[in-house]
Amino acid sequence: MVTKEEARRFLGDVAPEQCFWFINGPILINLDDLANALPNISNESYAHHVDKKKNDFGKWVDEVVGDKKLAHDLQKSKNKESAVKKARARLDSLKKKAK
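Sequential numbering of the sequence shown, starting at 1494, is according to the working numbering.
Derived from the structure by calculation, the hints contain no laboratory data. Among the hints, erroneous ones may be present.
Within a straight-line C-alpha distance of at most 30 Å, the following computed DSSO-like cross-link-like pairs (lysine-lysine) qualify [said to hold, decoys possible]: (1) 1571 with 1545; (2) 1552 with 1588; (3) 1497 with 1588; (4) 1561 with 1588; (5) 1573 with 1592; (6) 1546 with 1578; (7) 1589 with 1571; (8) 1592 with 1562; (9) 1589 with 1573; (10) 1589 with 1569; (11) 1552 with 1592; (12) 1497 with 1552; (13) 1569 with 1547; (14) 1545 with 1569; (15) 1578 with 1561; (16) 1569 with 1590; (17) 1588 with 1571.
The calculated label-pair distances, taken between Cβ atoms and stated as ranges, are [said to hold, decoys possible]: (18) 1556 with 1533: 19 to 29 Å; (19) 1536 with 1501: 29 to 39 Å; (20) 1518 with 1497: 16 to 26 Å.
Virtual Cβ for every residue (Gly too), placed ideally from N, Cα, C.
Generate coordinates for the entire structure from the input sequences, incorporating the hints supplied.
Here you go:
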């Protein structure tokens, strides 16, 4: 179970040098950006960042943001729609916890 402090940390902005750079797209600085950007990127852009060998989103969430649960959920996502649902659900949960 995530604590209020952890939720706030996960929701915060990352350092400028740790931003996530989409290929031909937005730059992400927090989980809110991720949840809002994922539904709007092309399937080609998603496929560039996620394939059978890698998942750039899961890696960034794990190594930079530090949210192991969301990182695991993103790694398990089979497609963009699944990743969007998991990111939004986790974001909602973290926002409630951070209050």
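Now for the hints, and whether the structure bears them out:
Simply put, residue 1571 and residue 1545 have alpha-carbon atoms about 9 Å apart, close enough for the 30 Å limit, and the pair holds. The suggested pairing of residue 1552 with residue 1588 holds, with an alpha-carbon distance near 22 Å, which does not exceed 30 Å. Only pairs whose Cα atoms come within 30 Å are accepted, and residue 1497 paired with residue 1588 is accepted, the gap being roughly 9 Å. Only pairs whose Cα atoms come within 30 Å are accepted, and residue 1561 paired with residue 1588 is accepted, the gap being roughly 16 Å.
A C-alpha spacing of about 29 Å is found between residue 1573 and residue 1592, which places the hinted pair at or below 30 Å, so the restraint holds. The hinted pair formed by residue 1546 and residue 1578 meets the criterion: a straight-line CA distance of about 22 Å does not exceed 30 Å. Distance check on the hinted pair: residue 1589 and residue 1571 sit about 27 Å apart at the alpha-carbon level, within 30 Å; holds. Restraint check for residue 1592 and residue 1562: satisfied, since their Cα atoms lie roughly 19 Å apart, inside the 30 Å limit.
With a C-alpha separation of about 24 Å, the suggested pair residue 1589 and residue 1573 falls inside the 30 Å cut-off, and the hint holds. In summary, the hint linking residue 1589 to residue 1569 is supported, as the alpha carbons are separated by about 24 Å, within the 30 Å threshold. Taken as a hint, the residue 1552 and residue 1592 pair is honoured in the structure, with Cα atoms around 27 Å apart against an allowance of 30 Å. At roughly 23 Å between alpha-carbon atoms, residue 1497 and residue 1552 fall within 30 Å of each other, so this suggested pair holds.
As the CA atoms of residue 1569 and residue 1547 are separated by approximately 11 Å, the hinted pair is consistent with the 30 Å bound. At roughly 11 Å between alpha-carbon atoms, residue 1545 and residue 1569 fall within 30 Å of each other, so this suggested pair holds. With a CA separation close to 17 Å, the supplied pair residue 1578 and residue 1561 stays within the 30 Å bound. Pair hint residue 1569 plus residue 1590 holds up; C-alpha atoms about 24 Å apart against a cutoff of 30 Å.
About 25 Å separates the Cα atoms of residue 1588 and residue 1571, which keeps this hinted pair within 30 Å; it holds. Between residue 1556 and residue 1533 the beta carbons are some 24 Å apart, a value that agrees with the proposed interval 19 to 29 Å. About 33 Å separates the C-beta atoms of residue 1536 and residue 1501, a value consistent with the hinted range of 29 to 39 Å. Remark: the range hint 16 to 26 Å for residue 1518 to residue 1497 is contradicted by a beta-carbon distance near 32 Å.
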